[in-house]
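Protein chains: 4
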Amino acid sequence: MGKVLVLFHSNTGNTRKMGEQVAAGAAEVPGTEVRVRSIDDANREDLAWCDGVALGGATNLGSMPWQLKKWWDSLPDEVWQSLDGKLGCAFSSSGGWGGGTELACLEMLIVLMNHGLVVFGVTDYVGKKHTLHYGAVQAGEPRTENEIASCRRLGQRMAEWIAVFVDGRKDLHPIARGYPRGSQH
Amino acid sequence: MGKVLVLFHSNTGNTRKMGEQVAAGAAEVPGTEVRVRSIDDANREDLAWCDGVALGGATNLGSMPWQLKKWWDSLPDEVWQSLDGKLGCAFSSSGGWGGGTELACLEMLIVLMNHGLVVFGVTDYVGKKHTLHYGAVQAGEPRTENEIASCRRLGQRMAEWIAVFVDGRKDLHPIARGYPRGSQH
Amino acid sequence: MGKVLVLFHSNTGNTRKMGEQVAAGAAEVPGTEVRVRSIDDANREDLAWCDGVALGGATNLGSMPWQLKKWWDSLPDEVWQSLDGKLGCAFSSSGGWGGGTELACLEMLIVLMNHGLVVFGVTDYVGKKHTLHYGAVQAGEPRTENEIASCRRLGQRMAEWIAVFVDGRKDLHPIARGYPRGSQH
Amino acid sequence: MGKVLVLFHSNTGNTRKMGEQVAAGAAEVPGTEVRVRSIDDANREDLAWCDGVALGGATNLGSMPWQLKKWWDSLPDEVWQSLDGKLGCAFSSSGGWGGGTELACLEMLIVLMNHGLVVFGVTDYVGKKHTLHYGAVQAGEPRTENEIASCRRLGQRMAEWIAVFVDGRKDLHPIARGYPRGSQH
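Chains as they are written, first to last, in numbering that gives the first Met the number 0: chain A, 0 to 184; chain B, 0 to 184; chain C, 0 to 184; chain D, 0 to 184.
Please note: incorrect hints may appear among the correct ones.
No distinction is drawn between identical chains; accordingly, a pair holds when it is met within one copy or between any pair of copies.
Straight-line alpha carbon distances no greater than 25 Å define the calculated DSS-like cross-link-like pairs of lysine-lysine that follow [to be verified]:
| no. | residue 1 | residue 2 |
| --- | --- | --- |
| 1 | K2 | K16 |
| 2 | K16 | K128 |
| 3 | K2 | K128 |
| 4 | K16 | K69 |
| 5 | K169 | K2 |
| 6 | K16 | K127 |
| 7 | K2 | K127 |
| 8 | K169 | K16 |
Think of the hints as simulated: they come from the structure by calculation, not from any bench.
The structure displayed is predicted, hence computed values, not measured ones.
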């Protein structure tokens with residue numbers, strides 16, 4: 000069983016809604032177990048349990064909210080170097096397009112890489128002019144079909160990589176599965 | 000006279016269109032002279048001439064096109080450290096939202112900072128859920144009112160900073176001018 | 000009088016020491032007033048007072064410490080868009096070379112840009128193979144001549160840009176001053 | 000057999016020397032085959048062949064050299080989305096500490112992520128105050144014991160992740176192997 004942790008901080012509820020869609024996408028991949036955890040409830044057991052972390056937070060000043068950073072900064076020393084080789088990805092919502100979501104995702108990926116996670120974006124286009132190359136991003140809450148699809152695809156890809164890398168299910172590789180990958184047009 | 004160089008590489012014409020809007024925005028500020036130059040025509044004289052560079056390129060693989068990087072990498076050694084203190088900003092168009100425009104702008108700002116330019120984004124929202132905090136970004140060509148406004152505002156801000164910093168026109172400071180700065184709502 | 004705010008968070012004292020050197024460098028530029036403030040003591044009056052912010056924090060997981068982010072995230076709404084056009088730069092200390100100092104500086108610059116500050120790095124080499132292109136960086140506390148010089152040069156450049164841009168002292172432009180700019184060799 | 004491609008551009012020979020050390024590190028992991036290729040010789044067959052790409056280039060203006068970007072920008076369209084799920088990492092050499100190596104590595108990771116690769120840094124410290132959290136970095140050519148060790152460790156980690164993820168060799172996981180991971184002290 001692949002184990003996906005969707006870990007997030009949400010003030011307004013937008014990031015929580017994104018996280019629920021990420022979780023739903025992950026659950027579509029056979030043999031995947033998912034935990035959705037706010038940082039208020041998550042602990043290091045959740046990190047130890049999972050094969051991969053989908054990390055989400057609002058875009059605050061072009062980077063993650065301090066509460067989310069505090070959660071990571073406050074982990075006990077012995078956690079560091081215990082997470083090597085888990086999978087990682089990111090999602091974020093900002094006040095507007097051009098407002099820093101990609102930069103906030105990048106910062107989350109940097110934190111995950113620092114902990115030894117192997118991180119990814121998604122090549123697929125989920126609709127016309129909408130992709131998630133460095134994580135799922137949007138302005139406000141997930142509302143449009145494309146926005147919802149980008150969250151789901153992120154979770155799905157996470158579950159697929161875990162299936163392929165951890166459980167040896169090469170049949171679940173995105174290329175092997177052969178579903179529509181989309182294009183920018 | 001404030002001197003703005005809009006410097007770009009464009010394959011499809013989208014970035015050129017963005018650049019023309021950036022130039023139009025700069026020209027709205029009294030006492031501003033603007034040059035719009037493709038890298039095919041620009042040379043180091045243009046760099047020496049200007050007080051600020053608005054740099055634009057498509058988002059290719061999450062960063063600037065190799066042609067644009069080549070232009071900068073190929074400048075003679077003596078140009079480096081001759082541009083200190085000029086202003087800099089960036090604009091980029093990608094195949095889709097979430098496709099890396101903010102990261103491409105960031106890379107352009109990094110190149111400009113390496114040359115000693117002081118770089119900026121824009122706090123203003125130019126419409127509902129549309130801003131340009133790290134440069135003007137969009138998917139495809141500038142089409143919507145918001146997209147066009149974000150290019151114009153970038154150029155305008157460039158010209159304003161030059162007026163304020165280089166020509167001592169404190170009356171042209173964005174805060175002094177008091178126009179609507181917008182919000183994400 | 001140019002006004003420089005050196006704003007930092009420091010747990011171990013390393014970043015504080017860097018900040019003191021940054022302040023000393025700024026004070027070398029004629030007509031510069033400097034405040035050195037830990038985030039424990041700094042408030043929005045300090046931000047309103049200054050012409051530029053040199054922002055420093057340890058490199059924690061490749062980005063700034065949560066305490067420093069909290070300080071920025073917790074500013075009242077009305078501060079945002081009141082700082083446009085002030086100068087900004089960054090400094091950081093990590094546990095080791097290759098440990099993320101440049102990325103932490105980049106994140107700090109992103110936060111400053113979000114607030115409308117115009118940000119800069121420094122082209123100068125302060126010694127053999129030691130520069131500060133995106134902020135002053137080091138492993139541990141400032142110990143070597145190069146490390147101390149990089150902090151000082153950062154503060155000096157901040158004060159110079161303020162003198163040039165805010166006070167119209169074009170004679171204090173780094174190029175006009177003509178001091179050794181160094182090279183990588 | 001795990002297959003590692005060390006792909007680089009080198010003008011001065013420094014990056015080539017780094018690449019040779021990366022390759023040597025990869026070869027230390029049982030069952031690993033390594034190709035070391037300059038972009039002058041590499042082609043898309045090399046990309047198709049490998050399980051992971053260690054990408055290296057000098058730090059030019061805080062990002063990768065235009066020649067390296069050109070190589071990636073010029074790949075035929077059908078390569079894109081054919082590399083999903085391969086491993087990726089980066090290495091870079093700059094003219095000086097603080098000169099942008101981490102930013103150049105970050106840009107290389109962004110390009111690799113755009114192509115669907117899962118990318119990683121290394122948590123290990125390879126000596127006092129020397130690590131490679133976002134790729135192997137250095138000023139000039141690999142000269143000191145730490146610098147050489149950081150290149151080797153990068154290649155070793157790449158080969159380990161391939162062994163674990165692609166070939167199911169869980170005994171080769173860094174944590175299972177139990178060698179010294181080092182600390183910053």
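> Hint numbers the structure violates, sorted upward?
Replying inline: Of the numbered hints given earlier, those the structure breaks are 3, 7 and 8, listed in rising order.
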